[in-house]
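So the protein lines, in turn, are chains A and B. Letter by letter, the first sequence follows residues 661 to 844 of this note's numbering. Letter by letter, the second sequence follows residues 6 to 186 of this note's numbering.
Hints are computed from structural coordinates only; laboratory data are not their basis. Glycine included, every Cβ here is placed at the ideal spot set by N, Cα and C. It is possible that part of the hints are untrue.
[As the list claims (entries may be wrong)] In the BS3-like style, the derived pairs of lysine-lysine whose C-alpha atoms are separated by at most 30 Å in a straight line are:
1) Lys809(A) x Lys746(A)
2) Lys809(A) x Lys176(B)
3) Lys746(A) x Lys61(B)
[Said to hold, decoys possible] One side of the interface only, derived from the structure: several residues of chain B facing chain A at Cβ under 7 Å:
4) Pro118
5) Glu120
6) Thr135
7) Asn138
8) Thr141
9) Gly142
10) His145
11) Asn146
12) Ser179
13) Leu182
14) Ser183
15) Val185
16) Gly186
[As the list claims (entries may be wrong)] Chain B is nowhere near these chain A residues, computed Cβ spacing over 12 Å in every case:
17) Ala706
18) Val717
19) Gly728
20) Arg766
21) Thr771
22) Val783
23) Asn785
24) Ala820
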Amino acid sequence: MSMRSKIAAAAVAIGVAPLIVVLSPAGTASAHGYISSPPSRQANCAQGRVQNCGDIVWEPQSVEGPKGVKNCHGNSRFTVLSDESKGWPAASVGGTVNFNWVLTARHATSTWEYFIGGTRIAVFNDGGRQPGATVNHSVNLGGRTGRQKVLAVWNIADTANAFYSCVDVQVNGFAAGSKTLAPA
Amino acid sequence: MNRRPLALLLAAALLLAGCGSVDSTSKADFNVTDVMFLQMMLPLHAQGIELTGLAKERAVEPAVRDLAEELDTVQREESETMRGWLTEWGQSTEVDADPGAHAHHGGLHQTSPAEIAALKSTPDSEFDTTFLNLMTGHLHNSVELTKTEVDGGRNASAKELATTIRESRTKEISRLLSLVG
Numbered sequence: 661m662s663m664r665s666k667i668a669a670a671a672v673a674i675g676v677a678p679l680i681v682v683l684s685p686a687g688t689a690s691a692h693g694y695i696s697s698p699p700s701r702q703a704n705c706a707q708g709r710v711q712n713c714g715d716i717v718w719e720p721q722s723v724e725g726p727k728g729v730k731n732c733h734g735n736s737r738f739t740v741l742s743d744e745s746k747g748w749p750a751a752s753v754g755g756t757v758n759f760n761w762v763l764t765a766r767h768a769t770s771t772w773e774y775f776i777g778g779t780r781i782a783v784f785n786d787g788g789r790q791p792g793a794t795v796n797h798s799v800n801l802g803g804r805t806g807r808q809k810v811l812a813v814w815n816i817a818d819t820a821n822a823f824y825s826c827v828d829v830q831v832n833g834f835a836a837g838s839k840t841l842a843p844a
Numbered sequence: 006m007n008r009r010p011l012a013l014l015l016a017a018a019l020l021l022a023g024c025g026s027v028d029s030t031s032k033a034d035f036n037v038t039d040v041m042f043l044q045m046m047l048p049l050h051a052q053g054i055e056l057t058g059l060a061k062e063r064a065v066e067p068a069v070r071d072l073a074e075e076l077d078t079v080q081r082e083e084s085e086t087m088r089g090w091l092t093e094w095g096q097s098t099e100v101d102a103d104p105g106a107h108a109h110h111g112g113l114h115q116t117s118p119a120e121i122a123a124l125k126s127t128p129d130s131e132f133d134t135t136f137l138n139l140m141t142g143h144l145h146n147s148v149e150l151t152k153t154e155v156d157g158g159r160n161a162s163a164k165e166l167a168t169t170i171r172e173s174r175t176k177e178i179s180r181l182l183s184l185v186g
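Next up, chain A with everything else stripped away, as it sits in the complex (with noise of 0.2 Å):
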C-alpha cells in the first residue's frame, strides 16, 4: 500500500487525529520526558532557576540523542545542559533518591540507566515494556557524599534513540544508606 493510501485509509478509518501519528516520523521529533525531581538541569532551566538555557525551555522532554552517550544533552542541539559553568543549583539528597519522571509519550522501554562518574549505579530493565502512568526509580548512590552529578538515560526499545537527564545533588552524609561523615 502506497504511503498516499495508507493515509487516506487510516483517516477514513479512525478520523483526523491518527495523521498526526502516522506523519510524525517525516517531521520532527515529538515529545517524550525527563526528570522532574530532584530537578534535572532541564527541568530547572524550565522552572526559570537557571536562565539564559535557550530553546530547552520550551521542550524539556525532547534531549534525545543515540543510546550510549555520557553527556548531559545526549549529543542535541541543547549542549547548554552540558555547561559546568552555568552554576547548576545542587538539590539536597540522602544516600538513597527517589528520581521522579515526567513522560509526554510512553514508548516501549528497554531500560532505565543512572550513572555518576562513568559508572553505572543502577539498571531498571522494563524488558520492552510500555512505562506505566508515572515512573519513578529508588537510587542508592553506593555511599558517594558532596556534590554529584547523575546522569540518568531513558532507552526506548524499538528505536536507536536514548532521552537524557543530569541531575546535580548535594549528597548529605547521614541519610539512611550513606555512611556517616567524620566529626569535624
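Assemble the complex: chain A is given as a structure, and chain B must be docked to it using the hints.
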C-alpha cells in the same frame, strides 16, 4: 526546530483524505489546520479537566490545590471558546481520540484514561507528586499541539489562542516543576 513542513504536510494530507475539509461558503476565515488544532485541543483539555478536577478535591498542599483550580478554570474557559468557534464555523466538535487506536506508537500524545485512573487510585501520601508529574506531561503535550497552529493556522483568533496557550502553559509548567522539585 521548524514545524512548517510538518504543518503543510498535515494540511495536504487532510485535504487529500477529505478530512477536516472546510465549508467554503462560510464567512469565517479559517483553514484545516485551525479546525484540526481545535478538534485535538478539546479532548486534551477534557483530560486536563479530569486531572485538575481530582486535584481540586484531593491535593494535600494548598499551593497544589490552588494551581489545580486555576488550571481547571482556564481549561474550561478555553474549551468553551474553542467549541464556540467550531460551531460557528459549522465544524464538528468531536474527534476520535481513543488512545487504544494508536497503541502501536506508544499511544497518542495525551493523557490516557489509564493515567487518570492511576491518579484516582493513588494514595494521599503520593497524590501531589503523581498529579504534578502527570499534569506537567499533559501541559507539555498541550504546548506541543499549539506549534502546528502557530505555524500553519489561518484564523487570527485561533492562532492567538494557540500563542496564549503556549506561553501561559509554559509558565504553569514552571510552577508545577517548582512544586514537585
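Exercise. Of the numbered hints stated previously, which ones are contradicted by the structure, given in increasing order?
Worked result: 3, 4, 17, 18, 20
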